[in-house]
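Listed here are the chains, written in short residue letters.
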Amino acid sequence: MNSQMPKWADVALIPLLNLLLAFLVSGLVVLWIGENPLHALVIIIKGSIGSAYSWGYTLYYTTNFVFTGLAVAVAFHAKMFNIGGEGQATLGGLGAALACLSIDWPHWLLAFPVIVAGAALFGAAWAAVPAYLQARRGSHIVITTIMFNFIAFALLVYLLVHVMKAPGSMAPETKTFPPGAHLPTAHEMLAWFGIGFPKSPPLNVSFLLALAACVFVWALIWRTRLGYAIRAFGFSEPAAVYAGISPFRVIMISMLISGGLAGMMAVNTVAGEAERLLIDSVQGAGFVGIAVALMGRSHPVGVLLAAILFGILYQGGAELEFELPAVSREMIVVIQALVILFTGALDNMVRMPVEKLFIRMRRGAP
Amino acid sequence: MDFATVIQILDSMMRLSTPLIFACLAGLFSERAGIFDIGLEGKMLASAFFSAAVAAFTGSVLLGMMAGLTASMLLALVHGMASITFRGNQLISGVAINFFASGMTALIGQNWFKLGGRTPSLSGDGRFLPIEFPFAVNIESVPILGPIYSELFSGHTFLVYLSIPTVFLAWWILFRTRFGLRLRAVGENPEAVDTGGLSVTGLRYQATLICGLLCGLGGAYLSTGMAAGFIRDMTAGKGFIALAALIFAKWRPVYALLACLLFGLLEAIAIRFQNIEITGLGTVPLQLMQALPYILTVVILAGFVGKAIPPRAGGEPYVKER
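Protein sequence lines correspond, in order, to chains A and B.
Take any residue in the first sequence, note its place counting from 1, add 714, and you have its number in the working numbering.
Take any residue in the second sequence, note its place counting from 1, add 451, and you have its number in the working numbering.
Derived by calculation from the structure, the hints in this document are not laboratory data.
Source: prediction; values computed, not measured.
All the pointers check out, no bait thrown in.
Listed next, the in silico BS3-like pairs over lysine-lysine satisfying Cα-Cα at most 27 Å (straight line):
| # | chain 1 | residue 1 | chain 2 | residue 2 |
| --- | --- | --- | --- | --- |
| 1 | A | 1070 | B | 771 |
| 2 | A | 889 | A | 913 |
| 3 | A | 793 | B | 771 |
| 4 | A | 721 | A | 1070 |
| 5 | A | 793 | B | 701 |
Sequences are here, hints too, so could you generate the full structure?
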């Protein structure tokens, strides 16, 4: 993007400085409400990566954020801002639930591809309408995807209250999925190899799916003709059109992939953890995806690292509430907001001075 | 449905529309000046919290409102800094502000009051009280006109009465003053404004501050007028409905008022009737009523019912040529 800085500064130094600023301000917030930020940091780290048990939770959250982060990242490459991860993941939950409940699955290996396809298909379908309206009618995708988040939630509440509620149950949730649709947890999978792992963390086979999704997105964006078209379109629409790339096709395909990835988050939460469809299974993960994609600079490796960081924050944040009652769980939402603000919106605040510094260093050098 | 029910629904429409009207006008000023703002929700929430919190501490709703307005305007300044000075992405900045407000209000609320993110209930001077019109009690029994006067017009809080004149004031400022002309110009063609020797940056900052002020009024109304205290995430998507209304109204003040009244009416109906029976069509579920503002906005955005064209320079940071 600019020739003033070496690549490592653009890829690593700037995001790191942004992150540092976000954490610094978060620390000040903790200080302001009368707790020691360093103490809080220690609790977060201990609570999230201090034991196999806590890793089980951290990586479970990471799985969610990888999916939603990749979803935002793929759309970013086509210069589309998909804020609708929340709604797409909600619909993905519906698809996953329908797949799980469709027949009495004999074995999870048979159910798994159908669940994944169901979640991805429903998520992609929910992204299709805003994508079409953007591509054909020029309706701003940010506004339409926000609206579709609200519509998705209303739709899910309607379905759970009126259509899919388990008979005899008061709560708006479906019946528990059949045992054949149970996805193996980390505890069960590691037991195949004779490795012990705590039983209660919800980490499951979806984590491997998330890693596969990272590889898929990397290959798609940087190793295929389609990925080239997406990047070219995102870089300059007129140039892409001149090169014979169809904007309609790029917008539709990138948004369908994006929606599908967001939907696949439900494989982890709905099929993997809850094993029934609940009202709020997404819990803001769709929005965390924005922070993850921004921090990860829309690259799968960056997204994975950022997703782990947010997994640590989410799991550590839960521990924080236990240990320091003054710091409630919402501290995580604040940190998340500051990360989005500093890495996304205030990027130039760091970039401009660093750029100047590099220019001066270059001039100073003989 | 009898006459008394109609009056009740219209009465609650007035209350429910008020925060939408303020937030929608806030968005109007900002977007007309070329700054997209999806952080209306967050600014309202921050103002709702600080209004209620300071009113609870001091017992004065006016001091509370001042605090709320300050909080909202500070967030507006952050948005201005990100989108004007540092030329960042305005949408991302809006998202960040929404999260920041949602997290901070719950965090500080729990820290200060230990009530699970709520503020204590406000009473007396701690909140805006209904203003009874003269003779409202006397003529309540007069048929038709009595209920309209005593129930629909009379008995709202100060901010409800302020909201409608504000719409016309906004129209007057934007379309009948020099400042308004410049503000609109900066949203359509900032280069021209710059060439004319005016500061694009200055005008845009003024617009974001007005946006913060109006969001603040909407938020203050939520926690000290409509309700008696703050509860977690009490804006519940109102900032986005206001944004929807703004697009629905195609960025025009008086139409914005009508759109907000319409969305307020939908909400009032959804609250009054859980499920609506329409003969021949069956029941309209509550959730459809709740989703209707969003669905209508998508339909409008799709351009099937007229075309919604935003201000031309919206969302673009202005870079002065050197």
